[in-house]
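Based on the provided sequences and hints, a complete structural model is requested.
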Amino acid sequence: MTDLLPLIVAKYNYWLYVILMMIGLYAMIAKNNLIKKLVGMNIFQTAIILFYVSIGYKKDATIPIIQSAHGGGHGAHEAAIHAADYINPLPHVLMLTAIVVSVATFGVAMALAVRVYQRYQTLEEDELRMRLSEK
Amino acid sequence: MRVLAFIIVCLTGALLLYGTGEFPDWGDPQSPASVHLSNVYIEKALEQTQVPNLVTAVLADYRGFDTMFETAVVFCAGLACFLLLRDFREKKERYYRHTPTGVILHVKDSKKIIKVGKEFAHMDKNWVPSDLIIKSVCRILIPFIQIYALYVVAHGDFSPGGGFQGGVIFGSSLILLAISYDLKTLVRRIKEKVLGIWAAVGVLIYVGIAAICMPMGGNFLDYSVLAPLVWDPHHVRALGMLGVEIGVGIAVTAVMAIIYINIVSEGRHEEGL
Chain D
1 MTDLLPLIVA KYNYWLYVIL MMIGLYAMIA KNNLIKKLVG MNIFQTAIIL
51 FYVSIGYKKD ATIPIIQSAH GGGHGAHEAA IHAADYINPL PHVLMLTAIV
101 VSVATFGVAM ALAVRVYQRY QTLEEDELRM RLSEK
Chain W
1 MRVLAFIIVC LTGALLLYGT GEFPDWGDPQ SPASVHLSNV YIEKALEQTQ
51 VPNLVTAVLA DYRGFDTMFE TAVVFCAGLA CFLLLRDFRE KKERYYRHTP
101 TGVILHVKDS KKIIKVGKEF AHMDKNWVPS DLIIKSVCRI LIPFIQIYAL
151 YVVAHGDFSP GGGFQGGVIF GSSLILLAIS YDLKTLVRRI KEKVLGIWAA
201 VGVLIYVGIA AICMPMGGNF LDYSVLAPLV WDPHHVRALG MLGVEIGVGI
251 AVTAVMAIIY INIVSEGRHE EGL
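Those protein sequence lines, which keep their order, are chains D and W. Going by my numbering, the first residue of the first sequence is number 1, and it counts up by one from there. Going by my numbering, the first residue of the second sequence is number 1, and it counts up by one from there.
Just so you know, the hints here were simulated from the structure itself, not pulled from any lab data. Note that the Cβ used here is the ideal one computed from N, Cα and C, for glycine as well. Mixed in with the good hints there might be a few duds.
Each computed DSS-like pair below joins lysine-lysine, with the alpha-carbon atoms no more than 30 Å apart [claimed, not checked]:
| hint | chain 1 | residue 1 | chain 2 | residue 2 |
| --- | --- | --- | --- | --- |
| 1 | W | Lys191 | W | Lys108 |
| 2 | D | Lys135 | W | Lys91 |
| 3 | W | Lys191 | W | Lys44 |
| 4 | W | Lys111 | W | Lys135 |
| 5 | D | Lys135 | W | Lys92 |
| 6 | W | Lys44 | W | Lys108 |
| 7 | W | Lys184 | W | Lys135 |
| 8 | W | Lys44 | D | Lys59 |
| 9 | D | Lys135 | D | Lys37 |
To spell it out: a stretch of chain D is covered by chain W in this simulated footprint if at least three of its residues, at any positions, have a beta carbon under 8 Å from a beta carbon of chain W; those stretches are [to be verified]:
| hint | region |
| --- | --- |
| 10 | 46 to 58 |
| 11 | 121 to 129 |
If you only want the chain D side, here are some residues facing chain W, beta carbon under 7 Å, derived [stated by the list, open to error]:
| hint | residue |
| --- | --- |
| 12 | Leu25 |
| 13 | Thr62 |
| 14 | Ala83 |
| 15 | Ala84 |
| 16 | Met110 |
So, in C-alpha cells, the structure goes:
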C-alpha cells in the first residue's frame, strides 16, 4: 500500500477519469431507463474529454495563446517562442469540437427517446421488451 | 444483471488502471503527446498564420477539414432532430384564454378555430406562468448574453473563444428566452424556416470560403491565396479563420435552437417548456 500511494498521486488525473468512465459504463449497462442510459453515456464522454485535456497539461506552462503578440506591432513576435511555456493546444482543439458534437448527438438521442415514448408510452427497457414481444 | 454489470465494470476499470502505470506523469512536459507535433504548432503557428490563439489556429487552419466535417455533423444532428420529431398535424385540443376575463376555453373540436387577437390568446397547458422577476431579469440578461456571444466569436483569434463556443452561448440565450417566457414567444420571434436556413448558411459559409480558395489558385481551405480579396493581406489567414468561425457560430446557434424546440414540444412547436 505504501508504494501505491505515490503512484496514485503522480497520476491522479488518470484515476479520476477511469472512475468517472466506469460510473458512466455502469449506468449504460445496468440502468433500466433509457434516459438514465443516456446520462451514463454523457458521463462517459465527459470522462474522455477530461482525459484528453489532462494529457495536454504541462507543468509551469500557460494557456496556448501567444502572449507577446498582444498589443505589439508586426515585430512583436520576434521574441522566441518556447514550446515548454505553452500547454499542448491539440487536445483542446479535439475536445472543443467533441463537446459540441456530443451535445448534438445527445440531442439526436433525446429525439429518438421522445419517439420511443410517443409510440410505446414508456422508456423502461423491460416494459419496452414486453411491448415488442406482444406484437 | 446488476451484479454482472458491476463485475464487468470493475474488471474494465482495473485493466484501465493497470494500463495507466505506463502513462506519463501528470503535467510532464516530456510526455509523448507534447513532444512531436504540438511543439511545431506552438513555435510556428504565429509565424505561419498570424493568429496568437493557437487553439483557433489549429482548429480552423491546420485541422480545417476536421472542423468542416464537425460542423457538418452538427448540421446533420439538427436535421435528424427535425426529421425524427417534426409533426405538422394540427393539435386536436386547444386552449385559449379570454383576455378581459381570464376565462380559459378548452376547444376539443379541431375544426373550431378561434381567432387569436385582442380578445383571445393562445394558452399553453404545460406552461406555468413564470414570475415577473424571472421574466424581467431574463429580458435584461438576454441581450448581454448575445453581445457576449458575438464578442466570443469575433475575438476567437486573439483570446479564448471561437465559433463553437460563441454559437453555443448564443443558442443558450435563445433557449433562455423560451424558458423564461414560453416556447411560442421564441418561435414567433425566430421562425422555423429562418432557423433552418441559418443552419445551412453557416455550413455554406465555411465550405464557400474553403471553395473560393480553389479558383484563386490554391488548395481547398488554403486561405493564403485570398490575399487579393481582403483589406489586410498581411493577416489573410486570420481573416479567413474569422470568416470560417462566423459560419460555425451561425450553424451551431441555429442547430441548438432547432434541437431544443423540437424536443420540448415533441415536434409540434406549439406547447412546451
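How the hints compare with the structure:
{"no.": "1", "hint": "Lys191(W) / Lys108(W)", "verdict": "27 Å, holds"}
{"no.": "2", "hint": "Lys135(D) / Lys91(W)", "verdict": "28 Å, holds"}
{"no.": "3", "hint": "Lys191(W) / Lys44(W)", "verdict": "45 Å, violated"}
{"no.": "4", "hint": "Lys111(W) / Lys135(W)", "verdict": "34 Å, violated"}
{"no.": "5", "hint": "Lys135(D) / Lys92(W)", "verdict": "28 Å, holds"}
{"no.": "6", "hint": "Lys44(W) / Lys108(W)", "verdict": "68 Å, violated"}
{"no.": "7", "hint": "Lys184(W) / Lys135(W)", "verdict": "15 Å, holds"}
{"no.": "8", "hint": "Lys44(W) / Lys59(D)", "verdict": "21 Å, holds"}
{"no.": "9", "hint": "Lys135(D) / Lys37(D)", "verdict": "25 Å, holds"}
{"no.": "10", "hint": "46 to 58", "verdict": "holds (count 5)"}
{"no.": "11", "hint": "121 to 129", "verdict": "violated (count 0)"}
{"no.": "12", "hint": "Leu25", "verdict": "5 Å, holds"}
{"no.": "13", "hint": "Thr62", "verdict": "11 Å, violated"}
{"no.": "14", "hint": "Ala83", "verdict": "4 Å, holds"}
{"no.": "15", "hint": "Ala84", "verdict": "5 Å, holds"}
{"no.": "16", "hint": "Met110", "verdict": "5 Å, holds"}
When held up to the earlier numbered hints, the structure conflicts with 3, 4, 6, 11 and 13 and fits the remainder.
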